[in-house]
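With chain A held as given, fit chain B onto it using these hints.
Number of protein chains: 2
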Amino acid sequence: MLLQTSKRLSLSDIIYSASRRANTRIPQYTSYLHRQITTLSALKRLPDTVSDILYKAGNGTLKETSKVTVHGWVRSVRKQKKIAFAQIADGSCDQMIQLVFLDSSIASELKTGVSVRATGDLVITPTRADPCEISISTPIQVIGDYAIPDEAYPLQKKFMTQEFLRREHPAQRFRTRVNANILRLRSLTVSCLSEFFSESGFTQTHPPLITSSDCEGAGEVFSISSSIDNAETKFFGQDSYLTVSTQLHLEALMMGLSRVWTLTPAFRAEESATSRHLSEFWMLEAEVAFTEELEHIMSIVEQMIRFSVRKMKDAGALEQIVKLKEMLEKQKLAVNEGEDDEETVTAAQVITRWNSFIANDQPWMRITYAEAISVLQAAVADRQVEFIHAVEDGESLKSEHEKWLAGNYARGPIFITQYPSHMKPFYMLPTPNTSGQTVECFDLLVPDMGELVGGSLREHDFARLNSAIELSGMDTSALSWYLELRKWGTVPHGGFGMGFERLICYLGGVYNIREAIAFPRWIDHCAC
Amino acid sequence: MLLQTSKRLSLSDIIYSASRRANTRIPQYTSYLHRQITTLSALKRLPDTVSDILYKAGNGTLKETSKVTVHGWVRSVRKQKKIAFAQIADGSCDQMIQLVFLDSSIASELKTGVSVRATGDLVITPTRADPCEISISTPIQVIGDYAIPDEAYPLQKKFMTQEFLRREHPAQRFRTRVNANILRLRSLTVSCLSEFFSESGFTQTHPPLITSSDCEGAGEVFSISSSIDNAETKFFGQDSYLTVSTQLHLEALMMGLSRVWTLTPAFRAEESATSRHLSEFWMLEAEVAFTEELEHIMSIVEQMIRFSVRKMKDAGALEQIVKLKEMLEKQKLAVNEGEDDEETVTAAQVITRWNSFIANDQPWMRITYAEAISVLQAAVADRQVEFIHAVEDGESLKSEHEKWLAGNYARGPIFITQYPSHMKPFYMLPTPNTSGQTVECFDLLVPDMGELVGGSLREHDFARLNSAIELSGMDTSALSWYLELRKWGTVPHGGFGMGFERLICYLGGVYNIREAIAFPRWIDHCAC
Chain A
-4 MLLQTSKRLS
6 LSDIIYSASR
16 RANTRIPQYT
26 SYLHRQITTL
36 SALKRLPDTV
46 SDILYKAGNG
56 TLKETSKVTV
66 HGWVRSVRKQ
76 KKIAFAQIAD
86 GSCDQMIQLV
96 FLDSSIASEL
106 KTGVSVRATG
116 DLVITPTRAD
126 PCEISISTPI
136 QVIGDYAIPD
146 EAYPLQKKFM
156 TQEFLRREHP
166 AQRFRTRVNA
176 NILRLRSLTV
186 SCLSEFFSES
196 GFTQTHPPLI
206 TSSDCEGAGE
216 VFSISSSIDN
226 AETKFFGQDS
236 YLTVSTQLHL
246 EALMMGLSRV
256 WTLTPAFRAE
266 ESATSRHLSE
276 FWMLEAEVAF
286 TEELEHIMSI
296 VEQMIRFSVR
306 KMKDAGALEQ
316 IVKLKEMLEK
326 QKLAVNEGED
336 DEETVTAAQV
346 ITRWNSFIAN
356 DQPWMRITYA
366 EAISVLQAAV
376 ADRQVEFIHA
386 VEDGESLKSE
396 HEKWLAGNYA
406 RGPIFITQYP
416 SHMKPFYMLP
426 TPNTSGQTVE
436 CFDLLVPDMG
446 ELVGGSLREH
456 DFARLNSAIE
466 LSGMDTSALS
476 WYLELRKWGT
486 VPHGGFGMGF
496 ERLICYLGGV
506 YNIREAIAFP
516 RWIDHCAC
Chain B
-4 MLLQTSKRLS
6 LSDIIYSASR
16 RANTRIPQYT
26 SYLHRQITTL
36 SALKRLPDTV
46 SDILYKAGNG
56 TLKETSKVTV
66 HGWVRSVRKQ
76 KKIAFAQIAD
86 GSCDQMIQLV
96 FLDSSIASEL
106 KTGVSVRATG
116 DLVITPTRAD
126 PCEISISTPI
136 QVIGDYAIPD
146 EAYPLQKKFM
156 TQEFLRREHP
166 AQRFRTRVNA
176 NILRLRSLTV
186 SCLSEFFSES
196 GFTQTHPPLI
206 TSSDCEGAGE
216 VFSISSSIDN
226 AETKFFGQDS
236 YLTVSTQLHL
246 EALMMGLSRV
256 WTLTPAFRAE
266 ESATSRHLSE
276 FWMLEAEVAF
286 TEELEHIMSI
296 VEQMIRFSVR
306 KMKDAGALEQ
316 IVKLKEMLEK
326 QKLAVNEGED
336 DEETVTAAQV
346 ITRWNSFIAN
356 DQPWMRITYA
366 EAISVLQAAV
376 ADRQVEFIHA
386 VEDGESLKSE
396 HEKWLAGNYA
406 RGPIFITQYP
416 SHMKPFYMLP
426 TPNTSGQTVE
436 CFDLLVPDMG
446 ELVGGSLREH
456 DFARLNSAIE
466 LSGMDTSALS
476 WYLELRKWGT
486 VPHGGFGMGF
496 ERLICYLGGV
506 YNIREAIAFP
516 RWIDHCAC
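Keeping their order, the protein sequence lines are chains A and B. Reading the first sequence from the start, the letters are residues -4 to 523 in the numbering used here. Reading the second sequence from the start, the letters are residues -4 to 523 in the numbering used here.
Certain hints may be false.
Treat identical chains as interchangeable: a pair holds within one or across any two.
What the hints assert, rightly or not - 25 Å max Cα-Cα, derived BS3-like pairs, lysine-lysine:
{"no.": "1", "residue 1": "K393", "residue 2": "K76"}
{"no.": "2", "residue 1": "K76", "residue 2": "K58"}
{"no.": "3", "residue 1": "K393", "residue 2": "K419"}
{"no.": "4", "residue 1": "K153", "residue 2": "K482"}
{"no.": "5", "residue 1": "K152", "residue 2": "K325"}
{"no.": "6", "residue 1": "K62", "residue 2": "K77"}
{"no.": "7", "residue 1": "K106", "residue 2": "K153"}
{"no.": "8", "residue 1": "K152", "residue 2": "K229"}
{"no.": "9", "residue 1": "K152", "residue 2": "K482"}
{"no.": "10", "residue 1": "K106", "residue 2": "K482"}
{"no.": "11", "residue 1": "K306", "residue 2": "K39"}
{"no.": "12", "residue 1": "K76", "residue 2": "K106"}
{"no.": "13", "residue 1": "K398", "residue 2": "K106"}
{"no.": "14", "residue 1": "K51", "residue 2": "K308"}
What the hints contain is simulated information worked out from the structure, not anything from laboratory work.
Just chain A, with the same shape it has in the complex:
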């Protein structure tokens, strides 16, 4: 019966053609380039990973009956009367290698979670999803058993909520398939984004994390001190903080390099403990000199996401996520059980998200804030939608409004531009040839989530920026270095910021942002 079920067409069968599937028998996802670098033959190569072995078996480098050694952890063991099977994983890819023990007594010591080194004969399996298995006829080496025999491995195959894993096993949870896959997705995402910026002539920079000013003036900053600090003495000779955004420093770097980007941690001492907030998160920010058009910045954002998502899909990342979602859905278990159990993201949703990013017929929709208000008000008047919060011109868009604009109106990503000035920070450029009621800015909204990216042109005129800083009531002396960037040879410019974990949540189909980062930190939580 179970076999029968698994042979029905799955969602991933439907979205990928047969030929595409044949290729994906070779793991492409991590180490998708698969050529271990040896610059000098005398240097010692690492042993092959599970991914290496599957790759080599898939492309014919390893032949039937080759002697193969695999290192990894036992994911499951199945013992029959005569023979036994064990699934071995090492996290280099999601796929496992099956060991087939011709004498089940050889496998008697094997338990889930132990680490092994196993040598056997390669068996090519052309009719199955994985390209090979390993036939074992002599005892294999258990490298790491349970250190305390009475304490069984806590990550048995049964389903556990993410919330339970975070609380009880914050340093072990990467050993589950779903969490390891999110970490590989992060890595692949960084690679693809880096390639985009490198090929587009941007310099990757490292703005400081410790700063001497609370730049956005929001007050939600962490302060830094050392053991030598006291009432009179401070380590840096002044108050110092963890950065909330690298934008201001990035503008300084842009004045030297024209096009700059960074992927760095940022920190916010927010007291919210929701599924959307982290106190430590990674932020991708970019600044571009010599542009007077917001469209330039929106085009960069759109190309960055289109390029990266296309590349990640080609590397098999979407297929991988869908497979794991199907595994969980089959078990009628939600990934995000526990505190957010009603907020599960389905495989079908994830596929829609990816495809709406890379649909190739036309650019994503762009409308102004004023148009967005009209659209929302008309929809309410037409009884197309009921919102909890009223839609008021001149007020911030609420999360429900943003989600409706992307999900129902645009049915995909949508840029909302030119928000009222009073909603936005001091450094944004007023819309030219107007009385300054709006600024040249945008938010990129996506279905299910709302804001993914925010950007703007920056005020580049010395005198006008000086006035804007004074009007904002911020500490002008702390910002004098920033103002001075406009003193000699200022240039029109703009940039954007994207919460990296938000992108990972969106692409990975993860609802709670705490699953998108290895060691999440939020109020009252700093495990390990």
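Okay, now just chain B, sitting in the frame of chain A:
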């Protein structure tokens, strides 16, 4: 006379063949891939950078008399009676584009430091170092003049010490050629290192920066607090610190993914204000599962550096550094005047450094600590060298010893392995089959600098690590999550750490580490 001098063979002429030089007329260094990505033709392309224009003129995409628009800053202006010249740079590469004004009155407003948009006719210049110039016959647009007419641009062409720039112009110093070049070098280095790890099957990870334990127990950590903190309440419900090394967390990630690496900031509240110390710096760290041989880890380090340095040299980075060094040397001015003026790194030294990394005949030298002591003591006995500090078996190698071992004994990079246990942290694996007097660790030493990388195998046995933590006198409860990594399916493993700014100093020929990072932080210094 001056022309005569500049036609003598330069150092870079000597190291590069004629054909190689011909290629380097096209800027290869940043945006060395040079294909601006357009995923959808309706999206708006950014204007060409200086680098784009030079590249297209060099490869024939732009022809003689093409109309070309260049954006950038004026580096210098030279006015003659009839015609005038201006050098335009935008930081996309070190090279500039020369504007030729057929009527010098058109250039009358131009001053060093102003930003311009200039349109003219491309002139291909096959006999000169740069592939083209732009002939200007109509007035050009000054985008950003001096905001305050009385305040002249501070970065005029005359030489300024780095110390002066840091102190007086911490946010403007990226506009100098030398500092912009170091930032491009950082970016290229990150690209090449990332490619190495990606192709070698490593997952790039992001361990936390805020931690709940002072892991190395050295006490030189920064503490974190928020505005809600008081005597009873802490934001995270416990003390929290900025990480000094991500290694312990990286080992947790390795248990899920086998091969992991990271490039993240690390922080040390060191009171030293030397040319070697920063309070905020970037660290590259990696961990590898399933290895019992230190040679595996050393081989990864060697391959990583060989691969990256080779790739960077091919991209023209060494040539670029040498050119800028020659420029400064010609002016008989040192890059590191001021506090470290005696410690200038010459172009010849930089060339030697790069070549010693990529010499392809055999692996770098490896000797044990015990052998190093013998070698040093023999050299002293032979009067080959005199040290300030005596060479004592069982004592740490001093910087002068390290520099001599790399510079005079190995004449290149050298690994020193198996230091006495008492010098090293608790987590290192004792050398097998010995009484535990030494540990399986290495330092990679390089000429002029000393330690560049440090690594080791880690103790992977639960009971032995437990004893080691207790012996070290550290807080066992704060490390319980780390110890637990050895509880189920532990694996032999090892890893290494490299100070990213140290590598940049070494490859860039920068003596003072404060020049290797955009916004250096050290005791009493936190500008911007």
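Hint by hint, here is what the structure shows:
For the identical chains of this complex, K393 and K76 are neighbours neither inside a copy (62 Å) nor across copies (64 Å), given an alpha-carbon limit of 25 Å. In this assembly of identical chains, the alpha carbons of K76 and K58 never lie at most 25 Å apart, being 29 Å within a copy and 78 Å across copies at closest. For the identical chains of this complex, K393 and K419 are intra-copy neighbours only, at 15 Å inside a copy versus 55 Å across copies, given an alpha-carbon limit of 25 Å. For the identical chains of this complex, K153 and K482 are inter-copy neighbours only, at 20 Å across copies versus 63 Å inside a copy, given an alpha-carbon limit of 25 Å.
In this assembly of identical chains, K152 and K325 lie within 25 Å of each other by CA distance solely inside one copy; the values are 14 Å within and 69 Å between copies. Taking identical chains as interchangeable, the C-alpha atoms of K62 and K77 lie at most 25 Å apart only when both belong to the same chain, with a minimum of 23 Å there against 80 Å between chains. Taking the shortest Cα distances, K106 and K153 sit within 25 Å of each other inside one copy (15 Å), while across copies they are farther apart (71 Å). Neither within a single protomer nor between protomers do K152 and K229 lie at most 25 Å apart by alpha-carbon distance, with minima of 52 Å and 37 Å respectively.
Only between protomers do K152 and K482 lie at most 25 Å apart by alpha-carbon distance; the minimum there is 18 Å, versus 63 Å within a single protomer. In this assembly of identical chains, the alpha carbons of K106 and K482 lie at most 25 Å apart only when taken from different copies (14 Å versus 68 Å within one copy). In the homo-oligomer, the alpha carbons of K306 and K39 lie at most 25 Å apart only across protomers (21 Å), although the nearest pairing inside one protomer, at 32 Å, exceeds that limit. In this assembly of identical chains, the alpha carbons of K76 and K106 lie at most 25 Å apart only when taken from the same copy (17 Å versus 88 Å across copies).
Taking the shortest alpha-carbon separations for K398 and K106, neither the intra-copy value of 46 Å nor the inter-copy value of 50 Å comes in at or below 25 Å. In this assembly of identical chains, K51 and K308 lie within 25 Å of each other by CA distance solely inside one copy; the values are 22 Å within and 32 Å between copies.
Against the hints set out earlier in the document, violations occur for numbers 1, 2, 8, 13.
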